[in-house]
Amino acid sequence: MNLKNTPIIHMKNALFIALSLPALWIFWQWAMLLLGQPNALGFNPVETTNRFLGDTAIRVLLITLAITPLRDLTRLAVLTRWRRMVGLFAFFYVCLHLSSYLGLDLFFSLAKLWKDIVKRTYITFGMTAFVLLIPLALTSTNKAIRRLGPKRWARLHWLIYPAALLAVLHHYFMAKGFQIMPLVHGVILVFLLTWRVVKWAKKRYLATLPSKRKENII
Amino acid sequence: MLIRRPPGFALKDNDVTPQSLYLRRREFLAAFVAAGGTLALPPAALAKSAAQNDFAALDATKTGYRVKGPLTPWEALTNYNNYYEFGTGKGDPARKAHKLITKPWSVMVEGETDKPGTYALEDLVDFNALEERIYRHRCVEAWSMVIPWVGVPLGPVLQKFSPNSRAKYVQFFTKLSRKEMPGTFWPVLKWPYREGLRMDEALNPLAFLAVGIYGRVLPNQNGAPLRLVVPWKYGYKSIKSIVRIRFSETMPETSWNMSAPREYGFYSNVNPLVDHPRWSQASERVIGSRSGFGGALQRRDTQMFNGYADQVASLYTGMDLKVNH
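Top to bottom, those sequences are chains A and B.
The numbering of the first sequence is our numbering, which starts it at 1 and goes up by one.
The numbering of the second sequence is our numbering, which starts it at 1001 and goes up by one.
Next comes chain A alone, as it looks inside the complex (with noise of 0.2 Å):
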């Protein structure tokens, strides 16, 4: 089908947009702190920066897993196609937040890094989700699904959600005290979750029954 001039296609256009945005205000903010003009970075921009980047990372993380919920609901196939590129912004924010700890936070030192890698549990739990990522990242292109086969891609890309549930555990072990916004993004997760173990159970339940009656429940 061609999808060309399309308003699936001007979605597509307007959600990368969108998906956009967070990136280019802290740019944009980060420009204006260089030019010593106002900005929202506050008194402790690289604490801002860091924990944008990261609240960032997870939402369009968690968004990404949304996707296959929401066609379920909707029926609308398409949306299949926009998951690739949504999933790819989940990549783009978590380098962007581990470059901005990287750089701003630890100077570039990798020994500072390995050291909290080590010792720091919250911070082996959100390097462990970005190495998870990075083969998911790698085998996005058309080429990469022919090559590894739909089968042994799409058991590759299982992956994501040990990955966003390390994501998620590292932002609960990175908050002081007994915080609420760790909790709601693990709530939304365990949610997105469960829809899938709900489908998944159906489906083997319905493949043990006779094919008459399964044509009654579906």
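Hints are computed from structural coordinates only; laboratory data are not their basis.
Note that the coordinates shown come from a computational prediction; the quantities given were computed from them, not determined experimentally.
For glycine and all other residues, C-beta sits at the position ideal for the given N, C-alpha and C.
Some hints here could point you the wrong way.
[Said to hold, decoys possible] No more than 35 Å apart at the CA atoms, straight line, and that leaves these computed lysine-lysine pairs for DSBU-like:
(1) A:LYS176 to B:LYS1103
(2) A:LYS119 to A:LYS176
(3) B:LYS1179 to B:LYS1190
(4) B:LYS1115 to A:LYS112
(5) A:LYS151 to A:LYS202
(6) B:LYS1190 to B:LYS1099
(7) A:LYS199 to A:LYS115
(8) B:LYS1115 to B:LYS1068
(9) B:LYS1096 to B:LYS1068
(10) A:LYS112 to B:LYS1190
(11) A:LYS176 to B:LYS1068
(12) B:LYS1160 to B:LYS1115
(13) B:LYS1068 to A:LYS115
(14) B:LYS1096 to A:LYS176
(15) B:LYS1099 to B:LYS1179
(16) A:LYS119 to B:LYS1190
(17) A:LYS176 to B:LYS1322
(18) A:LYS176 to B:LYS1179
(19) A:LYS176 to B:LYS1190
(20) A:LYS12 to B:LYS1160
(21) B:LYS1099 to A:LYS176
(22) A:LYS119 to B:LYS1103
(23) A:LYS199 to A:LYS143
[Claimed, not checked] Under 8 Å between C-beta atoms, here's a sample of chain B residues computed to sit facing chain A:
(24) PRO1192
(25) VAL1286
(26) ARG1290
Once you've looked at the hints, dock chain B against the given chain A.
For chain B alone, kept in the frame of chain A given last:
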């Protein structure tokens, strides 16, 4: 086209400015340029932060307690706060603390004391004997400030209540009001917030009760109207908006220790050698002292006891500071 005809009573521009001021215009321009640094402040911060002049002035004598280096500006001090009763964001206290009612204010004194009771703020603190002390302030989140506090030494205040021989520790409580403190709706910490000191720590001359900053009464987000300042300990020990003081024989509970005992010990002395599970404590980010990129990235090495080792190290001789962190 709009042609503006000024009414007859309107002044001309040169009528508004007295000539004496007009002749000094170059000085003003120079001062304006010099103040350019303040333009780098976040606009939200400038709009929200009540100006320093809005707070009542306090008479305070200068003391020898002062550290080198620039003071943290008023705007940073009053807009970048940890006061979880108003929310966990750094800007939440500045936005929400206006709801806190600080007048009248009284403090309940109880436990191992010969003079238990409820005391008005004015009976606790002699507002005619205030002093100014410029202390370093080091948060456990690895950032720091330099703050000109106004207040009185803690020791003499505590001794007024004649703690008895069983009083080995002193505990402080922050006010808890669900209505005034929206952040207490969620159990981030065990409310009311509580902190404690060993008696000899509390009687150390450095321990201070603050009622003001920068020669003005404390803004609510900074712990109005009465807060503790123990500059050799991480910031959370310097409990805000105190309503209760209790003397005890056993080590009292402290909110952060109850929340995560592995991370927050009772002593919580600033110590660059003992890492916190979340943050390295070897260095600290300096908040608000310079603008631009350099200011945003400015760090300095953290000193043992936050630079107050000469005054307080003797309190801990023979103690393993890694165990008693």
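Each hint tested on the structure:
1. As the CA atoms of A:LYS176 and B:LYS1103 are separated by approximately 31 Å, the hinted pair is consistent with the 35 Å bound.
2. Note on A:LYS119 and A:LYS176: the hinted pairing holds, with a Cα-Cα distance of about 17 Å set against a maximum of 35 Å.
3. Taking the CA atoms of B:LYS1179 and B:LYS1190, the gap is near 17 Å; set against the 35 Å cutoff, the hint holds.
4. As the CA atoms of B:LYS1115 and A:LYS112 are separated by approximately 53 Å, the hinted pair breaks the 35 Å bound.
5. With a C-alpha separation of about 20 Å, the suggested pairing of A:LYS151 with A:LYS202 holds against the 35 Å cut-off.
6. A threshold of 35 Å between alpha carbons decides the hint, and for B:LYS1190 with B:LYS1099 the separation of about 21 Å falls inside it, so the pair holds.
7. A threshold of 35 Å between alpha carbons decides the hint, and for A:LYS199 with A:LYS115 the separation of about 42 Å lies outside it, so the pair is violated.
8. Between the alpha carbons of B:LYS1115 and B:LYS1068 the distance comes to roughly 40 Å, so the proposed pair goes past 35 Å and is violated.
9. A distance of roughly 33 Å separates the Cα atoms of B:LYS1096 and B:LYS1068; the hinted pair therefore holds under the 35 Å criterion.
10. For the hint pairing A:LYS112 with B:LYS1190, the CA-to-CA distance comes to about 33 Å; that is within 35 Å, so the pair holds.
11. Between A:LYS176 and B:LYS1068, the direct Cα distance comes to roughly 31 Å. Compliance with the 35 Å bound is thereby established for this hinted pair.
12. The hinted pair formed by B:LYS1160 and B:LYS1115 meets the criterion: a straight-line CA distance of about 8 Å does not exceed 35 Å.
13. Simply put, B:LYS1068 and A:LYS115 have alpha-carbon atoms about 32 Å apart, close enough for the 35 Å limit, and the pair holds.
14. Of the supplied pair hints, the one linking B:LYS1096 and A:LYS176 holds, its CA atoms being roughly 20 Å apart against a limit of 35 Å.
15. Restraint check for B:LYS1099 and B:LYS1179: satisfied, since their Cα atoms lie roughly 8 Å apart, inside the 35 Å limit.
16. Annotation: proposed proximity of A:LYS119 to B:LYS1190 holds, straight-line Cα distance about 27 Å (limit 35 Å).
17. For the given pair, A:LYS176 sits about 21 Å from B:LYS1322 by alpha-carbon distance, which is consistent with the 35 Å threshold.
18. Restraint check for A:LYS176 and B:LYS1179: satisfied, since their Cα atoms lie roughly 23 Å apart, inside the 35 Å limit.
19. Between A:LYS176 and B:LYS1190 the CA atoms are separated by roughly 13 Å; this keeps the pair inside 35 Å, and the hint holds.
20. Restraint check: the Cα-Cα separation between A:LYS12 and B:LYS1160 comes to about 72 Å, which exceeds 35 Å; the hinted pair is violated.
21. Among the hinted pairs, B:LYS1099 with A:LYS176 is consistent with the structure: their alpha-carbon atoms are about 24 Å apart, no more than 35 Å.
22. Distance restraint check for A:LYS119 and B:LYS1103: the Cα-Cα separation of roughly 47 Å exceeds the 35 Å cut-off, and the hinted pair is therefore not satisfied.
23. Restraint check: the Cα-Cα separation between A:LYS199 and A:LYS143 comes to about 29 Å, which is no more than 35 Å; the hinted pair holds.
24. Taking 8 Å as the C-beta cut-off, the interface hint given for B:PRO1192 is violated, the closest approach to chain A being about 14 Å.
25. Here the hint on B:VAL1286 is broken, as its CB sits about 10 Å from the closest CB of chain A, past 8 Å.
26. The restraint placing B:ARG1290 at the interface with chain A is violated, with a minimum CB-CB distance near 11 Å, outside the 8 Å limit.
Consistency with the previously given hints fails for numbers 4, 7, 8, 20, 22, 24, 25, 26, ordered from lowest to highest.
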